[in-house]
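Undergrad: Take a look at the letters that make up each chain.
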Amino acid sequence: MQSMYKVGLMRANLLVAAGLTGYLASTAATLQDALLLGLAALWLAVTATQVEFSHRHPATIPWQLLPGLLLAALLWVTPARHLTWFWAWAVLLMLPQPRWMLGLTAVLAAASWWQLLELLGPEQWALAGLLLAGLMLLGLSRSLALQAMRRRIRHRARLIPGLPLWPGQQLPQDVQRERQRACLERVHVELLLLRTSRWRLWSLAERLCALTRAFEHCYRLDRRTLGVLLISPDAQGAAARRQALLDALGDRARARVVALPRLGSVSRERRALARQAQPLEIKEVADHAG
Amino acid sequence: MPDSRLARPRLFLLVLGVGTLLLVGQALWFYQMGHYQRIALPALLSLVMAVATLIAAAEPATSRVSAYLTLICGFLLIAVELPDRAGAPTLWIGLPPVLALVLLPLGPAVLLNLALTPVWLALLGEGAPEPGLAAGYLTLVAVATLALWDRLRQRALLRATDPWETECPALTRASLHERLHGEFERARLLERPLAVLLIDLPQLDMAREQFGDAARRAMLDAACREIIQQCRDLDALGREDDAAFWLLLPDTTESGALLLRQRLAQALAQRVLVETGPLEVRLRLAAPRPGEPWPAFVARLQATTQTLATD
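These protein sequences, in sequence, are chains G and D.
So in my numbering, the last spot in the first sequence is 1338, and the numbers never skip.
So in my numbering, the last spot in the second sequence is 321, and the numbers never skip.
Hints are computed from structural coordinates only; laboratory data are not their basis.
Just so we're clear, the structure is a prediction, and the values are computed from it rather than from any experiment.
Note that beta-carbon positions come from the ideal geometry of N, C-alpha and C, so glycine has one too.
Possibly wrong hints are sitting among the right ones.
[To be verified] Examples of chain D residues toward chain G, derived with CB under 7 Å:
hint: 1; residue: Met43
hint: 2; residue: His45
hint: 3; residue: Thr100
hint: 4; residue: Ile103
hint: 5; residue: Val108
hint: 6; residue: Leu150
hint: 7; residue: Val153
hint: 8; residue: Ala157
hint: 9; residue: Trp159
hint: 10; residue: Ala170
hint: 11; residue: Asp172
hint: 12; residue: Glu195
hint: 13; residue: Arg202
[As the list claims (entries may be wrong)] DEER-style ranges, computed between Cβ atoms:
hint: 14; chain 1: G; residue 1: Arg1255; chain 2: D; residue 2: Glu236; range: 36 to 44 Å
hint: 15; chain 1: G; residue 1: Gly1086; chain 2: D; residue 2: Met43; range: 42 to 50 Å
hint: 16; chain 1: G; residue 1: Ser1074; chain 2: D; residue 2: Gly117; range: 53 to 61 Å
Here chain G stands alone, though its shape is the one from the complex:
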């Protein structure tokens, strides 16, 4: 199915919006008004430089909160000039966002409506409130449809388009399958866990995906931990390959290696890695053959 989404067009729209907001800021009567509009223009312009088709997660929470707060501030400071923006609350609800933020937006919208009473007179005020409530519900109904789709595939979709990086919920299932295959194929499979800082996680994940083979999948276990299932013909090969991989990644991450037969629960190993003092710890298979 062809998608209508084009990054270039969206960026153009963002820049047009930033330009128009900037024009409004330049014609503002008061300093506060000009500052708020200038901030809005800046937000739009920065978003234009940041928007790209890669990350599945929406922007960080403060970045998402800013439009709602700016809108409330504009309607609070200079209501007479920015009455037009009153209806934008309905559009704000259409954006994908966490539930509590929907609640916050609704509260802010109600507050900004309440203080318009003096300005509009009771009749128009009541009508505007009723219409906004209807529009907000319509916006919410669209948002809910998208949220439902998002919830349905959250645990199974890859995290970045085109990269074999999967959510951590997928890992136990894949470990189970690799266990069966390891018995069948007589190969050595081990889980390599990497812990790094929050900021470096995504760049480390991209490098990890580039360095592993096409049949070795990577997982994001939490904000700081990545996992990968390494498959090698035997234990010696696995050790050499793991060392080469860790050397290529540099020493920015702590690592923990668990051979699949010794892996109990993934979350226990993840916690052990968080407490681990040495840069590398290895749990090998006990060598019965001697």
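Please arrange chain D on chain G, whose structure you already have, making use of the hints.
TA: Here is chain D on its own, set in the frame of chain G:
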């Protein structure tokens, strides 16, 4: 870009229903107050809204139609009723574009908002459109449209990251090729056998033409479920084409794959669907030849799939 997966939920229905009741209430109010010349519009529009509500209730997938009907009602009400009210043009000028953005997809909403700019400015601007009002309107349109862009972005991202088909429990084409590439390399590295079973469902087109899309979907779903039931956890079923599927069988020798093919053919032939009768499939086995490079192997699989479909 109609998308049945994004059908509007019950909330949409509720808003439409309440809107209808409000219009009926307004018509009754005018009747009580004796404004007989003003009754016609709300009475007529409440009928249109009732139709829109019924359409949305009957077939959630076609709620696009009821969204357009609601928009027409809203625009007519704004155009006829609002100019009467004195004051606050800066407030009411923002209502029509937001209504369009909330109800319509991106393209039509933007076109409509830009095309109707002079109309709304003339109707709601109390005769003399001032530049400030126009600037406010255009800025609102530009900024509010971004919400729809973001929704499209999110949807495109969800599509691009979902490895599963929407119609049936099979991998998408891109995921299938990625998985096959992995299995191909793994088989080479570990010197294990790999087999691929090419599956074609020749009745799909016929099912849609004669019994509609629901029958086609039922057939797809039944075939995929039957195939998955017959194979192991590590086998992967993916959709190469509309009617063509590849079943990846890692660690399977030729004799094992032949056995599976026979078992599958029997199982699928026994599966009888209500409308279309027994499932008909064409199966063919393929395996990488020794020393065959990856692009050649995929090209061979695709060529075989083509011949299987045209047989």
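Undergrad: Of the numbered hints stated previously, which ones are contradicted by the structure, given in increasing order?
TA: Numbers 1, 2 and 16, in rising order.
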